[in-house]
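Peer 1: Spelled out, the chains give:
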Amino acid sequence: MKEKINIDHPELRKNPFTVPANYFENLAEAVDEKISYVAPKVGWWSVIKPQLALVSTFCIIFFMGYGAITLFTPDSAKKNSLQHPNQLEEYLLSSSSFDFYDEEIDSLTTIKKIDPDQIVEYLRDDASLVYLASIK
Amino acid sequence: MDDKDLLILFREEGKERHAFDLIVRKYSERLYWHIKKMVISHDDANDLLQNTFIKAWNALPEFREESKLFTWLYRIATNEVLTFLKKKQLRSFLSLTDYSKQLENVLEADPYFNGDKTQKALQKAILSLPEKQRIVFNMRYFDELKYEEISEILGTSVGALKASYHHAAKKIEEAMQKLI
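Residue numbers (numbering that gives the first Met the number 0), protein chains in the order written: chain R, 0 to 135; chain D, 0 to 179.
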């Protein structure tokens with residue numbers, strides 16, 4: 000039959016654990032070191048800097064993507080050309096004047112000088128037309 | 000130097016560090032064993048003890064001496080231990096392993112355990128108790144604190160503490176009977 004355990008036995012109350020050598024002697028120094036360490040104050044700029052960098056990166060990526068899509072999508076290029084016909088014309092003329100040379104286009108960009116005698120002659124021959132045009 | 004003198008010294012300008020060093024030297028051993036018996040691992044006990052003293056250092060200027068200095072330090076240490084155990088239990092719950100079993104394994108592998116078979120059985124039996132009952136048992140059985148002091152530290156009535164201790168003692172005797 001097993002002997003009844005009595006936990007009030009003085010031997011059982013003894014501390015069965017030990018500590019590493021000089022642990023308690025070194026502990027006060029370790030605590031003192033930790034107390035001495037004052038964490039450096041973190042400024043608002045150091046907090047905001049990485050977040051700002053991240054936001055800027057996203058913005059750059061977004062605008063690059065947007066730009067690429069806008070420039071290289073055929074539909075939008077067509078839309079742009081419809082909105083600005085003069086700009087397109089200028090662009091085409093400057094890029095390759097030979098390929099797009101046309102008498103009609105040429106007439107828009109060059110100013111012909113008309114002899115004043117020719118104008119007088121025209122008005123004299125077609126005076127009836129001028130008269131008709133002036134009648135309300 | 001008694002606690003009153005230590006606190007007077009702490010309040011003198013330029014003497015805080017020296018006074019606190021004396022407080023650490025006076026109470027580190029008692030607090031260490033209190034923590035160690037709860038967490039078993041020396042490394043954990045060391046971390047918790049250092050945290051206890053750092054918290055005490057930060058709060059000591061506001062200490063109003065409504066309780067004894069050592070009772071106050073015990074309370075900080077106990078709170079540190081309970082918070083630590085809660086975190087550990089949550090982790091062991093998530094990993095589906097029994098935390099008291101984990102502590103038993105730590106005890107088995109502890110290089111700083113120097114006791115015999117019966118003492119190991121006693122420690123294992125204590126580890127099977129709920130943590131608050133364990134704290135009460137350790138404070139009364141090993142640290143030999145009065146019920147009034149334990150009541151001040153834990154904020155529990157003396158009657159409840161007495162009942163808790165006797166329940167714990169009975170459970171431990173039964174557990175040890177099976178273990179030996």
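Take these hints with a grain of salt, some might be off.
[Stated by the list, open to error] Here are the simulated DSS-like pairs of lysine-lysine, each with C-alpha atoms no more than 25 Å apart in a straight line:
hint: 1; chain 1: D; residue 1: K3; chain 2: R; residue 2: K13
hint: 2; chain 1: R; residue 1: K3; chain 2: D; residue 2: K161
hint: 3; chain 1: D; residue 1: K145; chain 2: D; residue 2: K67
[Claimed, not checked] Quick list of simulated restraints, FRET-style, between CB atoms:
hint: 4; chain 1: R; residue 1: F62; chain 2: D; residue 2: A58; range: 30 to 40 Å
hint: 5; chain 1: D; residue 1: D42; chain 2: R; residue 2: F57; range: 34 to 44 Å
hint: 6; chain 1: R; residue 1: W44; chain 2: D; residue 2: D97; range: 47 to 57 Å
hint: 7; chain 1: R; residue 1: I60; chain 2: D; residue 2: E65; range: 30 to 40 Å
hint: 8; chain 1: R; residue 1: T17; chain 2: D; residue 2: L81; range: 23 to 33 Å
hint: 9; chain 1: D; residue 1: K54; chain 2: R; residue 2: I60; range: 37 to 47 Å
hint: 10; chain 1: D; residue 1: K177; chain 2: R; residue 2: S35; range: 46 to 56 Å
hint: 11; chain 1: R; residue 1: N25; chain 2: D; residue 2: P129; range: 16 to 26 Å
hint: 12; chain 1: R; residue 1: V54; chain 2: D; residue 2: V105; range: 39 to 49 Å
hint: 13; chain 1: D; residue 1: L6; chain 2: R; residue 2: Y22; range: 45 to 55 Å
hint: 14; chain 1: D; residue 1: A58; chain 2: R; residue 2: I68; range: 58 to 68 Å
hint: 15; chain 1: D; residue 1: E107; chain 2: R; residue 2: S55; range: 52 to 62 Å
hint: 16; chain 1: D; residue 1: K3; chain 2: R; residue 2: N25; range: 21 to 31 Å
Simulated from the structure, these hints should not be mistaken for lab results.
We put the beta carbon where it would ideally sit given N, CA and C, even for glycine.
Peer 1: Give a verdict on every hint.
Peer 2: How the hints compare with the structure:
1. D:K3 <-> R:K13: Status violated; Cα separation ~30 Å.
2. R:K3 <-> D:K161: holds, 23 Å
3. D:K145 <-> D:K67: holds, 13 Å
4. R:F62 <-> D:A58: 30 to 40 Å: violated, 53 Å
5. D:D42 <-> R:F57: 34 to 44 Å: holds, 43 Å
6. R:W44 <-> D:D97: 47 to 57 Å: holds, 49 Å
7. R:I60 <-> D:E65: 30 to 40 Å: violated, 60 Å
8. R:T17 <-> D:L81: 23 to 33 Å: At roughly 25 Å between Cβ atoms, L81 (chain D) and T17 (chain R) fall inside 23 to 33 Å, so the hint holds.
9. D:K54 <-> R:I60: 37 to 47 Å: At 46 Å between Cβs, range holds.
10. D:K177 <-> R:S35: 46 to 56 Å: Holds, since K177 (chain D) and S35 (chain R) (Cβ atoms, about 50 Å apart) stay within the stated range.
11. R:N25 <-> D:P129: 16 to 26 Å: For N25 (chain R) and P129 (chain D) the Cβ distance comes to about 34 Å; the hint is violated.
12. R:V54 <-> D:V105: 39 to 49 Å: holds, 47 Å
13. D:L6 <-> R:Y22: 45 to 55 Å: Violated: the Cβ-Cβ distance is about 26 Å, outside 45 to 55 Å.
14. D:A58 <-> R:I68: 58 to 68 Å: holds, 60 Å
15. D:E107 <-> R:S55: 52 to 62 Å: For E107 (chain D) and S55 (chain R) the Cβ distance comes to about 56 Å; the hint holds.
16. D:K3 <-> R:N25: 21 to 31 Å: holds, 28 Å
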